[in-house]
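There are 2 protein chains.
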Amino acid sequence: MRSLNKIEAHPIGFVRRQHPNQDINDRNLVSKIIILKEYLAGLDGIEDWSHLYVIFWMHLILEEKKSLVCPRSEPDIPAVGIFATRAPIRPNPFGLTLVELMRRKGNVLIVKGLDALNGTPVLDIKPYPYWVKGRWIVVTNYKAPAYFNRINK
Amino acid sequence: MRSLNKIEAHPIGFVRRQHPNQDINDRNLVSKIIILKEYLAGLDGIEDWSHLYVIFWMHLILEEKKSLVCPRSEPDIPAVGIFATRAPIRPNPFGLTLVELMRRKGNVLIVKGLDALNGTPVLDIKPYPYWVKGRWIVVTNYKAPAYFNRINK
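Which chain is which? The protein sequence lines are Z and C, in order. Following this note's numbering, the numbering of the first sequence begins with 1 at its first residue and continues without gaps. Following this note's numbering, the numbering of the second sequence begins with 154 at its first residue and continues without gaps.
Worth double-checking, as some hints may not be accurate.
Calculated Cβ distances over 12 Å to all of chain C for the following chain Z residues [to be verified]:
no.	residue
1	Gln22
2	Val30
3	Lys32
4	His51
5	Glu64
So, partial list: chain Z residues that the calculated Cβ filter (under 8 Å) puts toward chain C [as the list claims (entries may be wrong)]:
no.	residue
6	Ala9
7	Leu29
8	Trp49
9	Ile55
10	Trp57
11	His59
12	Val80
13	Phe94
14	Thr97
15	Val132
Since the hints were made in silico from the structure, they are not lab data. For clarity, every value in this text was computed on a predicted model and none was experimentally measured. A virtual CB, placed ideally from N, CA and C, is assigned to each residue, including glycine.
Isolated chain Z, as found in the complex (with noise of 0.2 Å):
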């Protein structure tokens, strides 16, 4: 096998809002995407989807911010592990999002539901839903933590 001890990426495109404070947590926000120009063929048919994944870079988490435990402040909900967590505070600050398409204008795609900070690097963007051999795969059928369960109303 090959070693494989870093892997370097770059940046398809970037986030930007006009007002940059905006609660990233409102699922009604909504964002542009702008794709850098040597990328736009990429994008060819995209507005046929409705719904799509965006992995980007959470790039303001600090090297010393980062965490294999994720704590919570809430006194019903145990500490656990940052993979068992959505928290940015995660060894590789990947975020995952998975964003409604409300339209595309050349390089520009307006999504709403993303939870990236303004100026967030944008490192890949894959419909929804996933499929296998001509098979969506939708999950309605899952298990959370009991403890999530409770917070979740």
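For this one, chain Z is given, so just place chain C on it according to the hints.
This is chain C only, laid out in the frame that chain Z set:
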């Protein structure tokens, strides 16, 4: 804004299969993800989730194979931009797959449905589904391209 022409990430583990030549597009294929010992604490509590997103690096995609357009072999299917497909020949060869967590044994995750080759570096693992402000985001109302619905039965 910070200049971010490249990002560097590090594997948190690797995909291991006993029989390396199995069909990775078999949704029932079982794989091991061997998490590096230094990231073990990050797995605490992960077994409380039934499904996980795995972000991996398709390390065998050669620089000269990367493409902005995904050609299609079937006559019905148009060539489309790479970001409108899951094809591996992308500018940044990230893989993203939703898998079922069957069990965890220490630093080993045994998962079903991972379409990554044996030896693939794993970069991040996140629980499914995605949530925002205590609300689960499970999208079942989506639009896919008409040509795609033709091949999906």
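Results of checking the hints against the structure:
1. Gln22: Fine: 14 Å to the nearest Cβ keeps Gln22/Z off the interface.
2. Val30: Given a closest Cβ separation of 15 Å, the condition holds.
3. Lys32: Lys32/Z is indeed farther than 12 Å from all Cβ atoms of chain C, at 14 Å.
4. His51: violated, 5 Å
5. Glu64: holds, 16 Å
6. Ala9: Constraint on Ala9/Z satisfied, holds at 4 Å.
7. Leu29: violated, 10 Å
8. Trp49: Hint on Trp49/Z: holds, closest Cβ of chain C at ~6 Å, below 8 Å.
9. Ile55: holds, 6 Å
10. Trp57: With a closest approach of 5 Å, the Trp57/Z hint holds.
11. His59: Constraint on His59/Z satisfied, holds at 6 Å.
12. Val80: holds, 4 Å
13. Phe94: Since the shortest Cβ distance to chain C is 5 Å, the answer is holds.
14. Thr97: OK, holds: Thr97/Z within 8 Å of chain C, min 7 Å.
15. Val132: For Val132/Z, the interface hint holds, since the closest Cβ of chain C sits about 5 Å away, which is under 8 Å.
Of the numbered hints stated above, those contradicted by the structure are hints 4, 7, listed in ascending order.
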